[in-house]
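Asks: Given the coordinates of chain A, work out where chain B should sit on it, guided by the hints.
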Amino acid sequence: LAKTTQPISMDSYEGQEVNITCSHNNIATNDYITWYQQFPSQGPRFIIQGYKTKVTNEVASLFIPADRKSSTLSLPRVSLSDTAVYYCLVGETGFQKLVFGTGTRLLVSP
Amino acid sequence: ETGVTQTPRHLVMGMTNKKSLKCEQHLGHNAMYWYKQSAKKPLELMFVYNFKEQTENNSVPSRFSPECPNSSHLFLHLHTLQPEDSALYLCASSPSARTLGRPEWGGLYTQYFGPGTRLTVL
Numbered sequence: 001l002a003k004t005t006q007p008i009s010m011d012s013y014e015g016q017e018v019n020i021t022c023s024h025n026n027i028a029t030n031d032y033i034t035w036y037q038q039f040p041s042q043g044p045r046f047i048i049q050g051y052k053t054k055v056t057n058e059v060a061s062l063f064i065p066a067d068r069k070s071s072t073l074s075l076p077r078v079s080l081s082d083t084a085v086y087y088c089l090v091g092e093t094g095f096q097k098l099v100f101g102t103g104t105r106l107l108v109s110p
Numbered sequence: 001e002t003g004v005t006q007t008p009r010h011l012v013m014g015m016t017n018k019k020s021l022k023c024e025q026h027l028g029h030n031a032m033y034w035y036k037q038s039a040k041k042p043l044e045l046m047f048v049y050n051f052k053e054q055t056e057n058n059s060v061p062s063r064f065s066p067e068c069p070n071s072s073h074l075f076l077h078l079h080t081l082q083p084e085d086s087a088l089y090l091c092a093s094s095p096s097a098r099t100l101g102r103p104e105w106g107g108l109y110t111q112y113f114g115p116g117t118r119l120t121v122l
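Residue numbers (the numbering used here), protein chains in the order written: chain A, 1 to 110; chain B, 1 to 122.
Only chain A is shown next, with the shape it has when bound in the complex:
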């Protein structure tokens, strides 16, 4: 299983762009990179997923360099409601077995 490393916490202000980088040096060829968001006392919620280059949806963008050893989740113009824990996961091929790390606790202030 590829292990992920991400910052424990980040602070930002409303309206700013937030970039959270995740390292996954041992990512396997068929592994995908997935990001989840979790609010207190709730289950994680899928944000975005990618394999290489750039993926964008209505919530975020995901940048993956050619070597795929890291990825960056970009949240444009964050608001107070984006305060949450963000998890970077690398998916195992075969039977799906998501391994959650400690995540990045993002605090957005006014």
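Simulated from the structure, these hints should not be mistaken for laboratory data. Hints are all accurate, no fakes.
Stretches of chain A that chain B covers, calculated by requiring three or more beta carbons in the stretch to come under 8 Å of a beta carbon on chain B:
#1 37-44
#2 98-110
Chain A is faced by these chain B residues, among others (derived, beta-carbon under 7 Å):
#3 Pro42
#4 Leu43
#5 Leu90
#6 Thr110
#7 Phe113
#8 Gly114
#9 Pro115
#10 Gly116
Where is the CB? At the ideal position from N, CA and C, for every residue including glycine.
Replies: Chain B in isolation, oriented as in the chain A frame:
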């Protein structure tokens, strides 16, 4: 609302009690999962069911007993728990527990999580 419901949302039980957690998904998925989230610890995968067959038991103590009678329902039967078992228990579902195969065909099936059951063992 993710389409995955869990009951009860909160549960307090003694170490000698027997209780069950229930999860139901309304998404037509075929895979269901139990996770445990303790305070200040990452989510831990406990069990995986794919098409009602258990495919993963992540070294979970036998005092936790899962049951999956059909693809829409998942139970976690609890007995003789310990105080350290107090945690948020999360259920999730996905179309399948297998990946889609070749990367160019698409990604992993997204897992949809329920709101969780906050369990306190006294």
